[in-house]
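Residues per chain are reported as follows:
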Amino acid sequence: MGKLLAAFRLECRHLFSSWLLLPLPVLLGLWMASSLSSMSPAQSQDLYLYTMDFQRIQFTLSLAVPFLVGVTSVRRDLDRPSYEWLGGLPVSSGTLLTAKLAAGMVYLSLFPAAMALVYGWFGVRSGLPADVLRGELLWFAVQHETAYLVTLVLALLLAVAIRNRVVYLIAFCGWVFGTFFLSEFVVTRLSWYALKPFLLHQMIQDGMPATEAWSIKAGRGELKRILGFQLAAAALLLAAAGAVLHKRRPSLALPAWRLATGALALIAVLAYWPYGSQLHERQQRLAVKAQEAGLDRGGEEAPDGRFPVDKASLAVRWDNEAGAVRLEAALTVRRDRLPAGKVPFTLNPAFPVDEVLVNGRPAPFHRGGQTVTIAEEALRADGKEATITFRYKAPDYDWMPSPLEEGYAAIATKEALYLPAASGWYPHPGRQPMYEGGDRLFPVRLRYNALTFGDASWEVRTDGFGTEVFATLEEAGGGPDKVFQSGRADGVSLYAGTLIRSGKSGELPIVTTPGNRREAEAFGDKLQQIRAYYDSWLPVREGNGIRQIVYLQAPSGSGTRGSNTVEGRSLFIPQTKSHNLDNFQLLAAQKAYLFGDADQHTFSYSGMPAEDFSVVSEIRYLLLYLYYREGKGMSEQEVLRDVPYFAGALGDSSRGEDRAYGKEMRQLVEKAIRGGKLPEVKKLLAGFYREGLTVRQLPDEGLEYPRIPYERWLEEWDKQMGGR
Amino acid sequence: MIQLDQLSKRYTKNDWALRDVSLTIGTGMYGLLGPNGAGKTTLMRIVATLIPPTSGEVSVYGHTLKRPEDIRKVIGYLPQSIQFYPSMTGRELLDYVGVMKGIRHAADRRKQVQDVLEQVHLTEKASAKVRTYSGGMKRRLGIASALLGNPQLLIVDEPTAGLDPEERVRFRNLLSRFSVDRTVLLSTHIVADIETSCESAAVLSRGQLAFRGPLRELQRHADGKVWEMEVTERELALLPPHRVVASRREGAVVRCTIVAEQSPGLGAVLVPPSVEAGYLALLGGERDG
Amino acid sequence: MERWRYELHALRSVSGLAAACYFLLGLAGAASGDPELPRSLVTVGELSFLPLVPLLAAILFSRELGGGTELLASLPISLEGMLWRKTAVALVLLIAGHSVWMAGYYWRNGALFGRHFGLASDRPVGGELAVYEPLLQLLPAAVFLLAVCLLAVTASQKAYAALAAGLALWMADALSHGALLGPFTLTNGTHETNEDFWLNRCLLTGGAVLLLGAATYWIGRRARWVREDTGD
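Residue numbers (this note's numbering), protein chains in the order written: chain A, 2 to 725; chain B, 1431 to 1719; chain C, 146 to 377.
Treat the hints loosely; a few may be bogus.
To be verified - Subject to a maximum C-alpha distance of 25 Å in a straight line, what follows is the list of computed SDA-like cross-link-like pairs (lysine to any residue):
no., chain 1, residue 1, chain 2, residue 2
1, A, K4, B, G1566
2, A, K672, A, A648
3, A, K197, A, G229
4, B, K1559, C, V187
5, A, K248, B, G1486
6, B, K1496, B, Y1515
7, B, K1443, A, I163
8, B, K1655, B, R1678
9, A, K248, B, D1435
10, B, K1555, A, Y84
11, B, K1655, B, E1691
12, A, K248, B, K1555
13, C, K303, A, R713
14, B, K1559, A, L16
15, B, K1503, A, I163
16, A, K197, C, Q302
17, A, K248, B, Y1491
18, B, K1559, C, Q302
19, C, K303, A, T374
20, B, K1559, A, L280
21, A, K312, A, T374
22, A, K4, B, D1435
23, A, K672, A, Y706
24, B, K1496, B, K1555
25, B, K1568, A, C13
26, B, K1503, A, R10
27, C, K303, B, K1655
28, A, K578, C, V187
29, B, K1555, A, R10
30, B, K1443, A, A162
31, A, K415, A, V143
32, C, K303, C, G249
33, A, K578, C, G323
Stated by the list, open to error - Derived coverage of chain A by chain B (criterion: at least 3 residues anywhere in the stretch with Cβ under 8 Å from a Cβ of chain B; other residues may be distant):
no., stretch
34, 5-14
35, 249-256
Stated by the list, open to error - Over the 10 Å line for every Cβ pair with chain B, so calculated as not near, a few chain A residues:
no., residue
36, S18
37, D78
38, V107
Think of the hints as simulated: they come from the structure by calculation, not from any bench. Backbone N, C-alpha and C fix where the C-beta goes; we use that ideal spot for every residue, glycine too.
Can you make the complete structure from the sequences, with help from the hints?
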């Protein structure tokens, strides 16, 4: 022990007296501080997103240091002819190697420490809850330490095994290969996910690791598997390095080192098993989807056998014994609306069905990929309605890699839920092809906007989860077991993970990640002013506007999250680094709050048939316009100049088929305002609002909207205002 | 007592660095002579347990290569080329070596370090960083580190290379003093180093043992073969260089000592042989061959 | 002439073999793939090619920095001349290597498909490039990276410093998709306007000249090369 301690002290002395090495952790910390300081509006201010970018790039670069430390520490004396005297001392090579490893790790731990200090500081400033901050610091620290350890051991082995100076070249190439090359080209682009545990660190991968909501709570399981393998591999590399040293210099301990190397090789193989078997399972599921995608390409792409569902009741429960999420979906349908013959339902093929009941009685069913078919006879019974209940299980991860990143269509663990409606996690009526095929590198992906449920009344119960569950429906009951309901919605998504609900009492809640807290609060405040304005004169609460905003970065793979969407009573705003909750999103939230849709643009009247013509978009913009004019006290010119989209909707550049409707309508409103008739204008617009001004995107890319001819607008105007 | 039995070392196929070397070395100083590339360093490294032999056995005071760790406990090793951690002081380095040699108690270690520092006359420089040491001082520090822990066998490879005459003498004396009741295995190609301090020696040539025994026996190899004669510079240039043991300019002529089986020319007179002459006579045949 | 040949001899080493393997691997990548969907020249001709620069810089200096450098400093040669000779050798090899890669790409795809940064238009146009264009587009970045590597070698007197500096710069650029180096980005995949491209290439060329100047200054200070053997 005394020898080890002395050798350790000596190694520490070398490392900590190096003018090159000592400042590096400080510099990395400063670099991180500078990166995190660059968060500013116009771009996202999500602390986690910026931190993950730093981990992906700068932390990857920092892995050159353990390579350098490892190689130089061996070549400093163990591999240097002029230090041969060291070999004559009665100290084992294993002791010297262990000392080098231990001292190297002490030095390298300064890097995670520097990063933790910086992240901690910014985390506190961003208002991260203490438990979240603690968890994230631990999450980063574990990955940093493992990455440095594995890299350092690899460098030690390389230096011990290769005595030529070419070892530097090999080590630095190993650095590039073990990080950038392996991640970008081999694992992601070639889809060789079997090699993912060989990445020197996992945070270099895009996709789920970069999302604060799921990276820890959903990624922990996989990371444990990978780190288990990496630690076993590190032990193997260390033993191999020891064996090489003991072989070179005669030692009684050589057989023991050889034996340890052999045993650790076996352990490393076994340690790979949990990850390997999980990957195998995922690949098998993906193959089923690829087959489905292939089937659909055969010409049956149009949905068939779709029928309306009146009521959908979902029970989502974490089953501790099974270690899986169990689901029960009860769909109430009217028998006369069912298609003739077998009745098909579409359900994500990764969700195996255990049982189907019709009005409580087991019914025979057939599962083929994404389609669950129920025999016609089972549905022929008394009564007008039938309740079809599916009992099934969710996979922990519904894996959907792309050539750009490893994605997940759905996640269902005790701590993390990512069940977007688009993933088909509950049965949809009819046969609706969910997948489409790509090429060799991209065998399958979710078809955009493929699934429709149709309006139904919903009830979703969740039970047994370790974290708070959020849904796109309205919450009907608090407590740990939640109930969500909606009188009319066409689908539901569930989310649970590292999430917070931002917003004071009475404000529109924003479900987001802790890193977005400050931004979400500021956004919520602005939105609250808007709500207060409209609530004073518009029957918003009777409308179908949203009741919640979900602002998240999806863990990729869902295929539908490129733009804002409204699901149930929630507006989903996808988060990216290049955007933030800016004025565009404020306008989108304003629209969604008033109209319950995510339509962001004005209509194009070009080529529109007369019967489809409608000034609904202009009326909607006039409603929005009043807030800026009256609520915020902006002038006409200021609104057109400073608020996004208004110039196009109501300004000089607004164009209809033959005239600028938007401009004309605004001019009428402006004239009325100048004439002191603002209350009448509000009354008129509230009348249109009561009739419904929602614009809904249909699955076939079409739009559903109320037809309001320009003449009708003028008619109503004249009626309300007594002329123009 | 050190015993080498049929020791052989092969680095690559058909490249024997040592072949069937058997030696018995008692206490005192023992010289290992041989030209460059003869296998001296390989032999030293095997005895110091730095590299394994291809075949054969080594026994150092009863410890064999089967348990190299035990041998390391009783040896001190000073290699041919030596460097130390430049940022350490001489005392710190010796303290580190002391710990590695198993001198556990700090006070004991301090005393031993001080002793060896005094023995190698480095006390004054002991607190200076090694990077400030001259080549000779580093070598003395090396011998100090080898002496620490009172090893029974001291292995020193080319210890006087690069030393000035005064340091060389001091070094020899130090080794002689140390060799009382212990063994010093001294490898060199400088015959004078051996001649002044060893009673016995072995000569290696091309990996094989060419001679072993007392120095006077080595000397005897040149009996009747050492000639002294006066030649002109032009004649000197015509003589085979490896046969000329010494040459000294005396006015217009050069007086040289030549090792040769027969008289190298007119005026050559037989003189009593030195160890160096014996060594050259021993290897001369091979070189001629 | 002998000195030039001596520089080339440095390639006959284990490191040279590693670089040759990478070169052949890249050539295989350039000369393979689906001609219907030709690979981007930004990936094939720039991103993949640039790692050869630090490899070459390290290899060309590996012999001089392999042992004691004192002897090198004592030789009656111009150290500045040696640096420029190595720079020239590296450039010739890089140009030749890139041409071979592009020939492989051309052979496979029948044309060179990339982004054309003309002077006449505002924005880069994707399409078929003239034979000389990929090389001219690459050269400023390659020379800049080479200059960074050479400065790292001469300042640190360690051959591996070229690898560390060059590969770090390249990887930082690749991982951040050009964001980290900003106007000094090495590849041409992110320029939105032709002006961006020309500014970037001018900055790289100017930066390369400055860095090479600094490297020349460092290498010329002979006293720095007198040092003990402290290992690598």
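Next on the checklist: Check whether the Cα positions of K248(A) and K1555(B) lie no farther apart than 25 Å.
Outcome noted: violated (38 Å)
Checklist entry - Going by Cβ atoms, does S18(A) stay more than 10 Å from chain B at every point? => result About 6 Å separates S18(A) from the closest Cβ of chain B, which leaves it inside 10 Å; violated.
Item to check | K1443(B) paired with A162(A) [C-alpha distance capped at 25 Å] | outcome: holds (21 Å)
Checklist entry - Within a Cα-Cα threshold of 25 Å, do K1503(B) and I163(A) meet the stated pairing? => result Answer violated: K1503(B) to I163(A) is near 29 Å, above 25 Å.
Item to check | Coverage of the stretch 249-256 of chain A by chain B (three or more Cβ within 8 Å) | outcome: holds (count 6)
Checklist entry - When you check the alpha-carbon spacing of K248(A) and Y1491(B), does it fall within 25 Å? => result OK: K248(A) and Y1491(B) at ~24 Å, within 25 Å.
Item to check | Straight-line alpha-carbon gap K303(C) to K1655(B), limit 25 Å | outcome: violated (55 Å)
Next on the checklist: At 10 Å, judged by beta carbons, does D78(A) keep clear of chain B as stated?
Outcome noted: D78(A) not clear of chain B: closest Cβ-Cβ about 8 Å, inside 10 Å.
Checklist entry - Taking only the CA atoms, is the gap from K1443(B) to I163(A) under or equal to 25 Å? => result With a Cα-Cα distance of about 21 Å, the restraint between K1443(B) and I163(A) holds, given a limit of 25 Å.
Checklist entry - Has the given pair, K303(C) with R713(A), been kept, meaning a C-alpha gap of at most 25 Å? => result Measuring from Cα to Cα gives roughly 82 Å; hence the hint is violated.
Checklist entry - Between K248(A) and D1435(B), does the CA-CA distance stay at or below 25 Å? => result holds (22 Å)
Next on the checklist: Check whether the Cα positions of K1496(B) and Y1515(B) lie no farther apart than 25 Å.
Outcome noted: violated (31 Å)
The structure shown violates the earlier hints numbered 1, 4, 6, 12, 13, 15, 16, 19, 20, 22, 23, 24, 27, 32, 36 and 37.
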